[in-house]
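Asker: One-letter residues, chain by chain:
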Amino acid sequence: MSAHRLYFANQARWSGWELAFWLAWVVAFFIPQSNLALLSQILIWGLFAVSMDLLLGYRGLPSFGQAAFFGIGAYTAGYLSKFGWTEPISGLLVSGAVAGVVGLAAGRVVRGLHGVALLMVTLGLNSLLYDFVQRSTELTGGDDGLPGVGFAPVLGLFKFDMIGRTGYLYTLVACFVIFLLLRALVRSPYGLALLGARDNPRRMQMLGAPIDRDLTLVMGLSAAVAGMAGALLTQTTQFVAPEVLSFQRSADVLVILVIGGAGFLYGGFIGALAFIFLRDLFAALNPIYWYFWIGLLLVLTVTFFRRGLLPALADLWGHRRKPVAVDAKHPKSQEVAP
Amino acid sequence: MTGLIRRQALLALAASTLLSAPAMAQETVKVGLLLTYSGPSGLAGQHADDTIKVFQQRYGTSAGDKKIEFVKRDTTGPNPEVAKRLVQELIVREKVQLMIGPDFTPNVLASAPLITEGKVPTIIAGAATTGIIGEKSPYLMRTFFAIPLVVAPMAQYAYKTGVRKLFVLVADYAPGHDAENLIGKSFQAQGGTIAGNLRISLRSPEFSSHMQRIKDAAPDAVFAFLPTGELTVQFLKAYSDSGLKASNIKLLGTGDITDELLLDAAGDTALGVITAGYYSTAHDSAMNKQLVADLAPFKHAPNVPIWDALRLVYDGVAAQKGSPFNGDKFMTFAKGRKFESPRGPIAISATNGDIVQNTYIRRVERRDGKLVNVEIETIADPALR
Amino acid sequence: MTAATVLQTVGLTKAFGGLCIFKGVDFSLQAGERHAIIGPNGAGKSTFVHLVSGLLKPTSGSIRLMGQDVSRATPQQRVRAGLGRTFQINTLFPSLSPLQSIALALCERDGLTAPSLRALARRVDLLDEAAALLARFGLAADGERPTGLLAYGKQRVLEMALALSLKPRVLLLDEPAAGLTTAQGHELFDLLTELAGETSVLFIEHDMALVFGYAQRVTVLGGGALLAQGTPDDIRADPVVRKAYLGH
Amino acid sequence: MSIALTMLFNGLTYGVLLFVMAVGLSVTMGMMNFANLAHVSLAMLGGYLTITAMDHLGVSFLVSLPLAFLGTMAFSWVLERLVLRHFYGTDDLTQVLLTIGLLFMSVSTVAYIWGPSFKPITMPAVLTGQMPVMGLSLERYRLFLLAIGIALALALVFGLERTRFGAMVRACVDNRRAASGCGLNIQRIFALTFAIGGGLAGLGGALAANLLTLDPNFPLRYLIYMLIVVSVGGMGSVAGTLLASVVIGIGDVVGKYYVPQAGGIMIYLVTVVIMLVRPQGLLGRPA
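In order, the protein sequences belong to chains A, B, C and D.
The first sequence runs 1 to 338 under my numbering.
The second sequence runs 339 to 723 under my numbering.
The third sequence runs 724 to 971 under my numbering.
The fourth sequence runs 972 to 1258 under my numbering.
Only chain A is shown next, with the shape it has when bound in the complex (with noise of 0.2 Å):
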């Protein structure tokens, strides 16, 4: 095979790691006495860091508004439950759907706008929507959750059991499919495409791609994501509350992304990893000032490792065959003088 091939074809097959990753997480269901609660959380933490690589990570889309999406697709999986449709797996689709089609439309709405003014019309719109959910209680149950929310057992046979069995099973088997979507789509042209519009977006212009129009499709593809692993948890924990769509679950996510590196779809996962493990950690240290460690992780990791936890440990074993080494914290690209 000519040297460009096997250059491009490393990049999409599957190296001995990733293989690693997703076996460990199997091996974990089998080891007695493991807190399959704590981990299944970690993996819709880490679907939900995934849904913001794809708009961070690949488009450079920086966003405070992403825990919206997860928590439209939340409440989705809430709704359908309470009104009677309660087999998990098309309420997950379809949570995942709303969400997604939600996306499209705030695609639209902020697709002129990029740094600061993202930033804070993304909160905006989060806050607006935290609101209207926390305040109108006979729709939503307010602060004291949905009332009414039941699952039927996965695939008739599997019931939500106390232990958390099913509820692991399921959500790994949800992550796994939803990353293997989503790993394919990256290593294809659009995917190229969505890092050269990450990029340099006026050559993209020049080269003829119709870049608003793919910001307001990874816009929805990365909502209809948030949504599906805010689905997951209310499917998991039998429950939804406003809390879904906080704002510190949008700057939670955020850190989760950067601690685990931005660009490389595991980083959702290590970083989620990391994070919940540290603060359940510091918690139990000191449970009054466990946020000054958190706030330390955060300083140390921007400062040492800027590209993230993964990429430092890839160049750490000097590891040749990792995926395609995108630099999330690039140089900005140069503008064309006026």
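These are calculated hints, taken from the structure and not from any lab test.
For lysine-lysine, the following DSS-like pairs were computed, each having C-alpha atoms within a straight-line distance of at most 27 Å:
1) B/K503 - B/K588
2) B/K457 - A/K82
3) B/K410 - B/K457
4) B/K433 - B/K405
5) B/K667 - B/K368
6) B/K474 - A/K82
7) B/K588 - B/K553
8) B/K457 - B/K404
9) B/K673 - B/K368
10) B/K391 - B/K410
11) B/K498 - B/K523
12) A/K159 - B/K433
13) B/K474 - A/K159
14) A/K159 - B/K457
15) B/K588 - B/K708
Fit chains B, C and D to the given chain A structure using the hints.
Answerer: Okay, now just chains B, C and D, sitting in the frame of chain A:
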């Protein structure tokens, strides 16, 4: 590369095997403790810890022939997802046999199915919304208070003391809406009229427009229902700065708005405010005076719901002397039990496990340099006679 | 507009409020022609290229590309109508490698960038075309390194390769040899003539050796207006040009 | 009619408070292109310095204000020199996450030093209660706030326009490279401007302590308001921040009075609308 795989598997392994401590010869009853220690409402958790320290200094760490071991977890505030995971961790892996908390209604609602399935008697010491105890799980009890307990009596007291036009101001969230409906219904049942209703956002630091609406309605009194926290302090400040305090419009409310936690932060703006509450540090009983004195070194008021929950746990465990601890036996022991609390006489309802207690009408006064809620009237619960 | 004219502007004007920086230029480019645009700084050369490529909207006048009126068309529509351009300052993909950049350009050209699950690696013919193009531009050795790390000269060549990879009918070059040594400049233009094939090329250039060496026709702009147009020899002799350029 | 005027006055004074707290952030964001979300923690620091000065040093509230300003200014200088100046070149997301980290650290540090509970602040008698002004009964503290706000706005606008230092600051805001090209010591100007900005935040925090209550979670609650005021006003524009603060202050108060069921969403609505119409903010320069 193999190094990385080993590291991955190790990480997953470490994460998942939180092994529990081996059982001791003398039976140990493990009690799960789910409070908020961090985040905006982290103060409550810290005060509960001090209260537990004082309780254990007085009554030791065992009851009857069994040792009591607390397993603490931080729910980090109203986070149902975190709370449910911690409840599962406590029941499934720590194998706790009793639980105190979680606080905040969404946390309780998310955990109720687990509590029922695990058959773990759980005492709620920090969630006030109605419709939890008795309905969501047969294993729930409450030593905190329910909103109706303090709202309905305030309506009667207001009417009795000559208030005919009442302005209702609540925080715009689920408990607030419950309180708004309840005060409206019970005050109108007395024959009074509601001069106006206002729901204020939980995150609005600016109160002057709300004060103006109150002035427009020119009521005889204002009933305020706000969560204990910065919102209440800002409201009390705005109420006095806007001149409403000086005018003859009385300020009434539930115990939350003059909670000891924020009395000194509110300062003189809280003077004279009349509230209906379940506990005041100024409650005139030997037991209360002793407790308040014991907590003085910690420089904050005792967390009485936690104190009563501990009392219930210790008595319940002691009652099962000679036989291994059984959850259902504890429930039958607890339901219908009457005992003296620092707040006054209380009982756990035999029918649904909710708390039965007196309501106290209190007015904020300055007693030897310190602001306290002086109890001026007791509305006893018939069941307690 | 004869069949051979690939690009034509009629009365093309651009004004920012009162300030008119491009006054009614009529211009035409024939198929396969190498046409240079020269003029002192601020003559409106870059403005002209921005107007034709759609990055600036004309205030009045029309632009016809391959017979279609593209005056109001978006840059994307003009690219699909056969226009390609390079930029004065390198406008490339810093974190992508040259191979990826050219592959991306080819994917856009063949309309493959709609969301799909088919891996780029499986489009072998497209990858071969990309590798061949890079080889022809002498960039094969640096094919896999991030563009941001390439030498400036190589980046200029990549800028040209990107534009040509779309097989445009009309290629606009905004000072292609900017920042290059004269030798590198000649090398670049030799590559251009060799690879441009029947693409018509319109280029802005200051280096008169390159202009008179490679242009078949020359247009001189000054103060946003058309001063003169003709073969390199006409322009060299034209008194108006001498005045604008040499001041006597 | 008098009600509308009172509402307007209250909205204006609320806007002025937001302005004093946020103007430092607008200048640092505009000038150094640096998104310092921890600016709101500096405001909290000012509040705590005022309370400590009044409790421990026994000074009056009015005397404590300059102390809060200078104390926070000194701290900001150290913070900038030690940490922030290494991050000037980075992209805005890195800065946002760095300063959110610092903000989290400030929450716990303050809780550790001053304790987790609400801090009472005793106001001098002259600044409490109501005062009749032109037929309206206005709160004395808000009048005091208005006076300080106007004085500060004038000082800042003239400070930037008329003084030599102001010219240097504006040069840096316009084009950092050109400014350093003509010999301006960029590092020193940045450090000084950041310190003054921090000092202003401290003063704002001290003034806010009476109105907005002070506890370790102050930054978490008011971060969003600060960001909104700065981005709606337009980065780097003092006048823009003033205009945005007043628009949002009045919009919030009047909105809540006349449309109470809209509640707290007025401020978010205004933000989304303005940012969509003018992404660079009311008076900001187009990006």
